[in-house]
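Student: In case you want the letters, here they are:
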Amino acid sequence: MTGLGRIGRLIFIGVPFLWLAVFFLLPFLIVVKISLAESTIGIPPYTPLVAHQVSGLELHATLANFGLIAKDDLYLRAYLGSLGNAALATALCLLIGYPIAYAIARSQGSVRQILLFLIILPFWTSFLIRVYAWMAILEPQGLLNQFLIALGLISTPLPLLNNQFSVELGLVYSYLPFMILPLYGSLSRLDPNLVEAAGDLGARPSQTFLGVVLPLTMPGIAAGSLLVLIPAIGEFVIPELLGGPDTLMIGKVLWDEFFNNRDWPVAAAVAVVLVALLAVPLLAAQRFLERERAA
Amino acid sequence: MALLEITGLSKGFGSTTAVEEVSLSIERGAFFALLGPSGCGKTTLLRLIAGFETPDTGRIVIDGIDVTKLPPYLRPVNMMFQSYALFPHLDVAGNIAFGLRQERMDRRRIAVRVEEMLALVQMEGYARRRPHELSGGQRQRVALARALAKMPRLLLLDEPLAALDRRLRAETRVELIGIQERVGITFMVVTHDQEEALSMAAQVAVMNRGRLIQTGAPSEIYERPATRFVANFVGEVNLFDGRLIAGVASPALAVEGFDKPIPLPAHTHLLEGTTATLAVRPEKLLLSRAPAAEFALAATVSSIGYFGGGSIVHLATGEGRALKAYLSGVAAGSLRRGAPVWVSWPPEEGVVLTQ
Numbered sequence: 006m007t008g009l010g011r012i013g014r015l016i017f018i019g020v021p022f023l024w025l026a027v028f029f030l031l032p033f034l035i036v037v038k039i040s041l042a043e044s045t046i047g048i049p050p051y052t053p054l055v056a057h058q059v060s061g062l063e064l065h066a067t068l069a070n071f072g073l074i075a076k077d078d079l080y081l082r083a084y085l086g087s088l089g090n091a092a093l094a095t096a097l098c099l100l101i102g103y104p105i106a107y108a109i110a111r112s113q114g115s116v117r118q119i120l121l122f123l124i125i126l127p128f129w130t131s132f133l134i135r136v137y138a139w140m141a142i143l144e145p146q147g148l149l150n151q152f153l154i155a156l157g158l159i160s161t162p163l164p165l166l167n168n169q170f171s172v173e174l175g176l177v178y179s180y181l182p183f184m185i186l187p188l189y190g191s192l193s194r195l196d197p198n199l200v201e202a203a204g205d206l207g208a209r210p211s212q213t214f215l216g217v218v219l220p221l222t223m224p225g226i227a228a229g230s231l232l233v234l235i236p237a238i239g240e241f242v243i244p245e246l247l248g249g250p251d252t253l254m255i256g257k258v259l260w261d262e263f264f265n266n267r268d269w270p271v272a273a274a275v276a277v278v279l280v281a282l283l284a285v286p287l288l289a290a291q292r293f294l295e296r297e298r299a300a
Numbered sequence: 010m011a012l013l014e015i016t017g018l019s020k021g022f023g024s025t026t027a028v029e030e031v032s033l034s035i036e037r038g039a040f041f042a043l044l045g046p047s048g049c050g051k052t053t054l055l056r057l058i059a060g061f062e063t064p065d066t067g068r069i070v071i072d073g074i075d076v077t078k079l080p081p082y083l084r085p086v087n088m089m090f091q092s093y094a095l096f097p098h099l100d101v102a103g104n105i106a107f108g109l110r111q112e113r114m115d116r117r118r119i120a121v122r123v124e125e126m127l128a129l130v131q132m133e134g135y136a137r138r139r140p141h142e143l144s145g146g147q148r149q150r151v152a153l154a155r156a157l158a159k160m161p162r163l164l165l166l167d168e169p170l171a172a173l174d175r176r177l178r179a180e181t182r183v184e185l186i187g188i189q190e191r192v193g194i195t196f197m198v199v200t201h202d203q204e205e206a207l208s209m210a211a212q213v214a215v216m217n218r219g220r221l222i223q224t225g226a227p228s229e230i231y232e233r234p235a236t237r238f239v240a241n242f243v244g245e246v247n248l249f250d251g252r253l254i255a256g257v258a259s260p261a262l263a264v265e266g267f268d269k270p271i272p273l274p275a276h277t278h279l280l281e282g283t284t285a286t287l288a289v290r291p292e293k294l295l296l297s298r299a300p301a302a303e304f305a306l307a308a309t310v311s312s313i314g315y316f317g318g319g320s321i322v323h324l325a326t327g328e329g330r331a332l333k334a335y336l337s338g339v340a341a342g343s344l345r346r347g348a349p350v351w352v353s354w355p356p357e358e359g360v361v362l363t364q
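First to last, the protein sequences are chains A and B. All residue numbers in the first sequence are consecutive under my numbering, ending with 300. All residue numbers in the second sequence are consecutive under my numbering, ending with 364.
Source of the hints: derived by calculation from the structure; they are not laboratory data. Don't be surprised by glycine CBs; every beta carbon is placed ideally from N, CA and C. It is possible that part of the hints are untrue.
[As the list claims (entries may be wrong)] Facing chain B, from chain A, some residues (calculated, C-beta under 7 Å):
no., residue
1, Arg14
2, Pro197
3, Leu199
4, Ala202
5, Gly204
6, Asp205
7, Ala208
8, Ser211
9, Gln212
10, Leu219
11, Pro220
12, Leu221
13, Glu295
So that you can see chain B by itself, here it is in the shape it has in the complex (with noise of 0.2 Å):
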């Protein structure tokens, strides 16, 4: 049995739907990872899972038990919020021991937990400090210490790692990994940011308008999107918008301003004049100074820009296209601005969309 089970959850304000017939679930241990743009309806569907809004329709079950009509006090679930929330008239010990004492747990024990909680997020020292006396790294580890002390079902992560700077958030994504893996707790961690989400969590759900779009492992999300929206949003990638032709000998795109039609891989099975776009992942072209296949698409270098590790090349092909592509290592060394090169890709690398 799935740890949480959300059916049919929809919740508006005022005229509009900001969570709209969400249907999800979360294994047990799992690290879950909900990704979408700003406004998608993310947070709302964190807030609803914390309880601290009520659905309009649908249903949660956590670890079994309807928590739909709960208030967040009686929900086995605790939340990090993105700007922490930490109690600023209490030292860090004390706002790691602020649910412990809501359940009237014994001092000796919230001493002991408190501690092993400072070690977990390696805080051994700070127990006297005042909030405002902390770094923004260092709330954030008060947070999640103080989300983590009650070893709640399900941890609620609202973009944990927003507020820090980008060397720290790096680091800190490898320490949330390791965190939970040791606690065995179930994170949930909402993000807009695609990388982050990608690299964390081993399962990730894709929102946009209020709706999830397509929930699956990073690799999948990453190499077979649903909709031109998730291949859109998460990582770059080239799109080209045509008509099928359901060829004799393999499927084709046909797309307006193209001589040839673009070849398609060989499963794709859709009718005939279907429209359809045709997705390819930057890293997936090849460049080549002669042309590599039988489809292949002149065009001339426009910039190349090196990031360590590999480099980013804008293509304008001859159709007045613009492409990136990726090239690992040094490959692009000998390539000039303005140089004519040939693109292709295998056809099965790309991905069909039709919506």
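One chain only, chain A, in its complex shape (with noise of 0.2 Å):
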């Protein structure tokens, strides 16, 4: 740091700051300003916050939307809908993607390569197309049933759309990368030696998993676990089109606020209690990253 001198330093610290504070807070205090607003019909459709009156300046606020996110237990339940959901879907990227990832950890040179290419391969192709395909395959008239039918194994179409089956199937294939990406990176940097001493010792494999590979990889299972529950919680295309009647998200009744209601309010005050409530286990994995990294 010698070398960079005092003004180097400030700009090397300040740039990332200035960058969130632009694309981050600036955004977010927008939205709590529009959630402390009141709706009404125009461009845009809620109250200033400032307004100018004969008398000077006078401040318009009102936590009225966020008593409405109280009251009315829609909001909670969709709150709880989604986190149930994101929850599962975690659960189930660790389970399916830990043994992904330990197996493209521990395959040779190209083969490794080939295989991490094939996780990311999916990003190259939009979102949405892929969330599409899988309504054309999990439609009563769709792939899978059709398939299912001609095998003979069913005789009246499965219903696999829009129901919570198709939302958890769809979280889970969209994030399952998430979940591999860090925990491979967790896996190729553990020291093969120590699942040698481990065996060494007298530990069977499971022994050995449990006692030495799932403590020290950790950090990639708290990191892998944040990336899919984070963006879980707030999806909204994905129980939007696979979803049914009976799913509830906060994403969908946040969509629903904003755009069929035309409420920005409310849905503001919605984003602003979803951001606080991320914020609590973003928070707690974070301090435990940091301690593993103190360690």
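Put the two chains together into one complex; each comes in its own frame, and the hints tell you how they fit.
Tutor: Structure representation (structure tokens):
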């Protein structure tokens, strides 16, 4: 750092801060501002926070939108529904992703490159199109039902689309790579000598996994779980396209408030509460990862 | 019955053979060293014994039980890894207790054993430290304690001193011998350092290119090397290549460029004309101002290196050959660079090698 000088250091630290301030903090403050306003008919469809009056500047702020969220149990159920769906998806991603990441980490040179490439490959196609593809696969006249009927396994189509199952499937499918990649990172950094040492000291493969591999890949598990859980809670496209009438997720509620009801202040309040809720697991995981790094 | 009995063990990786037809037996309670240059297959042999690799052919019997097909966790063998492989998420006590926990030993007995092991390696008071809080030497001790905690029949040590600095290495070498004597466990050390192997072990096996070349006591390996490779790898040596003359009086070696044949030990029984190499250790060479024996080489001193307790003298013979001689004490003090000397040695001190 000595060669950088004072100004260089300021730029070095300042740029990321500036980036976060302009592209995250500022938009978020605008959302907070809208959440404190009242809905009106007009453009924009909410009252200004600071109004010019004859007597001077007047502050118009209300917590009514947050009150509505607290009172109407639709929002609570939607938050819990999102949390439940996202938590289940995270658990499933972990269960499916860990063996895959393990296999990739243990494979050799070129095979490893190909496997990693295959994990990243879906990102080359639009997320939306991939979700639409699942609709084509799951619908009553879709590929999967036709295939099963052709095999003679079933006689009437199974209800695979627009229910809890299809939402969960969509979530797991979409977010699996975000689980696999950090797990792979953790597992490939694991010293193979440690696994051998455990075996040498009498640990069976299952004991080695629980006693050595799992604790040493905790940072990867935490990072992967966070990368799945956080976006899955706020997910809107998957419940909208794959969900049914019983699917209640907060992302969809937010969308409806915003575009169908044109109630920007309530939508903004829903978003602010969501950010506040997501900050809890995020901060907890951050602290955990920092402690791991210090050790 | 030997503790470890290896017969016809081979292991290849792809097209390369790492271990080839190795047969070896180690006595109970022995301190055994496997010596060889890097890539000679000694670590692979160690990993075969530990069970991390499966042999292509051959058998490994430990304490009368064929373990060739057993996984590592069922073998009565523990290994101390070159990198120590301490578990970073466990403290020192946790590392030492790891193996004991696997056999579901009683908590209180584990605690007692951990204390014993810490005392054995003089690491009392470090039980709660994590590996990253320890120095290299301390980590080495913890690794040793962890490997000894289960009281294995055989302890494998992969380059146990390689990661230590020179001073610590000499100290630890002595400590390892002491610990081995106290616990009475059979030690098998893999090393590329001949000094380490000769000074620690009671038995040394020299390996090269996957094959076991010679096994014996350190003095045997040094004084009576079986091949040119062993003579060269273990210690310094002066080598003369030539053809055997089974003369009337005594056998000798005709070396190209030398006027007179070099006399060989009297017990050399080889056919006339056999190509052979004469190996003479530097400390066997005698330097004098006048020819001291019937056969002596005229040489000049090209350099003198004093190392404390003795000197190494580099010589150039009249035939244009470089020789090394060790002189103990201050014997080299009277020599000057460029001084003419006569080099000779008792013929019985030479070793005749045919491979």
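Student: If a hint holds in the structure, say so; if it does not, say that too.
Tutor: Status of the hints after comparison with the structure:
The beta carbon of Arg14/A is not positioned within 7 Å of any beta carbon in chain B (closest approach about 29 Å), and the interface hint is therefore violated. A least Cβ separation of about 9 Å between Pro197/A and chain B goes past the 7 Å threshold, and the interface hint is therefore violated. A cut of 7 Å between beta carbons decides the hint on Leu199/A: the least distance to chain B is about 5 Å, and the hint holds. Checking Ala202/A against chain B by beta carbon gives a least distance of about 4 Å; that is within 7 Å, so the hint holds.
Annotation: interface hint on Gly204/A holds; nearest CB of chain B at approximately 4 Å, less than 7 Å. Below 7 Å, beta-carbon pairs count as interface contacts, and Asp205/A has one with chain B at about 5 Å; its hint therefore holds. For Ala208/A, the interface hint holds, since its Cβ comes within 7 Å of a Cβ in chain B; the closest pair sits about 5 Å apart. Because the beta carbon of Ser211/A sits about 11 Å from the nearest beta carbon in chain B, more than 7 Å, this interface hint is broken.
Evaluation of the Gln212/A hint against chain B yields a held restraint, the C-beta minimum of about 6 Å falling below 7 Å. The beta carbon of Leu219/A comes no nearer than 10 Å to any beta carbon in chain B, farther than 7 Å, and the hint placing it at the interface is violated. Interface restraint check: Pro220/A against chain B, minimum CB-CB distance 5 Å, threshold 7 Å, status holds. The beta carbon of Leu221/A is positioned within 7 Å of a beta carbon in chain B (closest approach about 6 Å), and the interface hint is therefore held.
Checking Glu295/A against chain B: minimum C-beta separation of about 16 Å lies over 7 Å; hint violated.
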